[in-house]
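Asker: The residues making up each chain are set out below.
Protein chains: 2
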Amino acid sequence: MPASALAAASRLASPAPEDRLFAEVRAHVAALPQSGIVEVKNYGAGREGLIPLWVGEGDIATPAFICEAAAQALHGGQTFYTWQRGLPDLRGAIARYMAGLYNIPVDPERFFVTGSGMQSIHIAFTMTLAAGDEIIIPTPAWPNAAAAAEKIGAKPVYVPFTSGPAGFSLDIERLAAAITPRTRTIFINTPANPTGFVASHDDLRAVLALARKHGLWIVADEIYGRFYYGDEARAPSFHDIMDADDHILFVQTFSKNWAMTGWRIGWLEAPPALGQIVENLVQYSTSGVAAFMQRGAIAALEQGEPFVAEQIARARHGCDLVADPLIATGKVDLVKPHGAFYLFLSIPGHDDVRRLALQLIDEANVGLAPGTAFGPGGERYLRLCYARGEAQLKEATARLVAWLDRQPAP
Amino acid sequence: MPASALAAASRLASPAPEDRLFAEVRAHVAALPQSGIVEVKNYGAGREGLIPLWVGEGDIATPAFICEAAAQALHGGQTFYTWQRGLPDLRGAIARYMAGLYNIPVDPERFFVTGSGMQSIHIAFTMTLAAGDEIIIPTPAWPNAAAAAEKIGAKPVYVPFTSGPAGFSLDIERLAAAITPRTRTIFINTPANPTGFVASHDDLRAVLALARKHGLWIVADEIYGRFYYGDEARAPSFHDIMDADDHILFVQTFSKNWAMTGWRIGWLEAPPALGQIVENLVQYSTSGVAAFMQRGAIAALEQGEPFVAEQIARARHGCDLVADPLIATGKVDLVKPHGAFYLFLSIPGHDDVRRLALQLIDEANVGLAPGTAFGPGGERYLRLCYARGEAQLKEATARLVAWLDRQPAP
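Protein chains in written order, with our numbering: chain A, 749 to 1158; chain B, 749 to 1158.
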């Protein structure tokens, strides 16, 4: 479904706009789609015992050592305006962390603290897109990226993943065919939400070659890079194949690795030559991130490895816990993903997934997100987040399996 | 000086851009001006004993009861995704606070929590401006508003205040003359940074009449509304004269009243019919504000009145402490302001204020902000923030008076 149809569909579910005011808001802004998960969440709100697997976050609160570092800084008076690019201490800690993980030089000038991965996307898009420009987004995808482009007046051009027995894959020829003279940017999320797609080094090389050939920017959302279930310690990254002066802006966040979704803190990685532009865009949108939060982020990077390792092991286990029994029913189409922490599954005979998501609330008391929220190619799917504890996942899986068992063969 | 000239001037002071990358960032974004205070701050960085009066914040850390409320929520696990419009508890607390202060109905649906007053401006401008649109901004003004409009590709149209023996005043005829078919929005900051201008009810009525006549939005930045040195408890507000369905978006922040500059939390007030649009714009830019921070904000609103009263009394006293001795020298042009917490002064014979600001660092060890940072009409001025303790203000004043005494008559 094109974004405008999505917007129209979700607008119907919203409270009736008071027309005069709505009409006087800039049209492309008034037309932004509501989050496609909200309707389902609202429908399930307050259901006793409902297991919510619709949102992209775990069930573990931020570890105490991170909270403690932030609270100490807060009590210690770190409540004044601070560096727009981030505390030098935090930029240094990020640079060391990234150097260790990706085998790149330690260069704090490449890293800019932002008020969330979402803000990193927003800044990267503001740098590279203007009204009328096009950005290519493989889908199904986390919908906020397309919406952030639309907010600028740019046009998302969707390139659906190919779906096959090995799961979702990126069709480079389709990607190349989508490039027009208006294309400015390619958005690549790997490992990907919601599909679990993980780009191979060959995929990344092919995308980079296209970007170089056509003079395009790449915005690389690698926030799930460590939630990777292959043999290596992390997923393939543009860092492995790029030159220092390639036009790649990396989106990162503290949300997933360190269970800090609610904090709203992330970073943008960009060539240092663009530092003043990034600083200006932070200055003129939110004017920085609380210093006391940044102290928590430093603790996360410097003391968080055991926690991250636990999180990843838990997700890997969670994936098996849910996916294996569901696949064993023979009633779902599902390929176990190699990364991120979502299952993206379909149930043959149940193609109206918005309706299905509501039905599963009523009949299984499990909350899943309808794939319609994730753009073209997602229309037959449901997204399930398995970044949760064993007991809850087992219970949710049992409920889903029992529900599936009750369905007639399609 | 037009914004482009400001941008060009500040760009000269920046590290030389690596051209290829710069050239491939969207032009209106690459051209955004660097904050005009930064050069002076960098020049003074590390000077022993320098008294910094250049930034718009006080010298008091956030009160302990506010920090405590946030820290408790943080330790209590309020670290997950939360409402995009803000915690219902906080929206309720804001609504009650505003109802008490402005004698309006309690309506939580009018209030949207944002990640700073700056983000409120950004959202308000995104709603009302697109590329090519014009926004009218009386100047001298806090420069971030114009820059936020330029970031969208809109054009700030500056209307200089009239400066006279009673201070700065708004020339409604000039404002009316600046309206063109492209005008969409009028930005009104009252009490104003940096001039201390306070709009009268007649001023506000005149602006509102213009907006109604031409179908324009008003973005009202009333963040200094309580830093008012008239007889009433607060400055005149659009709330006093508007109808419920007027097209006014209010910008607010926790930064100034509650000494929370570094937190980055504020709110936007908008007609409830626009709620879904505001929610979407939060969702697709930063995706909300940390719940634990919002708990601190609730404490600020519900227990902060004694602190706010102290802050305002201190600022009123600080204004006298600095302004009276400076005026007594006979060597400065300065009218005591009626609101906000800045002096905007000029020193006849010293018209190159960028140079003067650097000179005052060298020769008086006091940091002031050059008026060139604040747009047309500010070229001969310096901004001094007096939201500081008595001892520092007295010492800074003594230094400035001694420096003035050493200058030959112009």
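Since the hints were made in silico from the structure, they are not lab data.
Please note that a few of the clues may not be correct.
If chains are identical, the list can't say which one is meant, so a pair holds when it fits in one copy or spans any two.
Unchecked claim - As a list, the in silico SDA-like pairs of lysine to any residue whose alpha-carbon atoms are at most 20 Å apart: (1) K1084 / P856; (2) K789 / P929; (3) K789 / Y829; (4) K903 / H776; (5) K1142 / R1128; (6) K961 / Y829; (7) K961 / L769; (8) K789 / V803; (9) K789 / M990; (10) K961 / A771; (11) K961 / E772; (12) K1079 / P929; (13) K1079 / H949; (14) K903 / P1054; (15) K961 / F770; (16) K1142 / I1060; (17) K1079 / V854; (18) K1142 / G880; (19) K789 / F828; (20) K789 / W831; (21) K1079 / D991; (22) K903 / A878.
Since the model is a prediction, treat every value here as computed from it, not as a measurement.
Asker: Could you place K789 and Y829 in one of the four classes (within, between, both, neither) given a Cα distance threshold of 20 Å?
Answerer: Answer is between; shortest inter-copy Cα gap is 13 Å, intra-copy 37 Å.
Asker: What label fits K1079 with P929 when the C-alpha limit is 20 Å: within, between, both, or neither?
Answerer: Cα proximity of K1079 and P929: none, with 44 Å in one copy and 61 Å across.
Asker: My question is about K1142 and G880: at a cut-off of 20 Å on alpha-carbon distance, are they close within one copy, between copies, both, or neither?
Answerer: This pair counts as neither: shortest intra-copy Cα distance 48 Å, inter-copy 55 Å.
Asker: Have a look at K1079 and D991 and pick one of within, between, both or neither, based on CA distance no larger than 20 Å.
Answerer: neither (46 Å within a copy, 59 Å between copies)
Asker: At most 20 Å between alpha carbons: which applies to K903 and P1054, within, between, both or neither?
Answerer: neither (42 Å within a copy, 51 Å between copies)
Asker: Go through the copies and call it for K789 and M990: within, between, both or neither, with a Cα cutoff of 20 Å.
Answerer: Answer is neither: 40 Å inside a copy and 37 Å across each miss the 20 Å cutoff.
Asker: At most 20 Å between alpha carbons: which applies to K1142 and R1128, within, between, both or neither?
Answerer: neither (24 Å within a copy, 71 Å between copies)
Asker: With identical chains treated as interchangeable, where does the CA-CA distance between K1084 and P856 reach 20 Å or less: within a copy, between copies, both, or neither?
Answerer: Cα proximity of K1084 and P856: none, with 37 Å in one copy and 45 Å across.
Asker: At most 20 Å between CA atoms: does that hold for K1142 and I1060 within a copy, between copies, both, or neither?
Answerer: within (18 Å within a copy, 57 Å between copies)
Asker: Between copies, within a copy, both or neither: which fits K961 and L769 at Cα up to 20 Å?
Answerer: Answer is between; shortest inter-copy Cα gap is 16 Å, intra-copy 45 Å.
Asker: Given identical chains, is K961 near A771, meaning Cα to Cα at most 20 Å, within a copy, between copies, both, or neither?
Answerer: between (42 Å within a copy, 17 Å between copies)
Asker: Since the copies are identical, ignore which copy is meant and state whether K903 and H776 lie within 20 Å (CA to CA) inside a copy, between copies, both or neither.
Answerer: So K903 and H776 pass the 20 Å test inside a copy (10 Å) and across (18 Å) alike.
In summary, the numbered hints that this structure violates are 1, 2, 5, 6, 9, 12, 13, 14, 17, 18 and 21.
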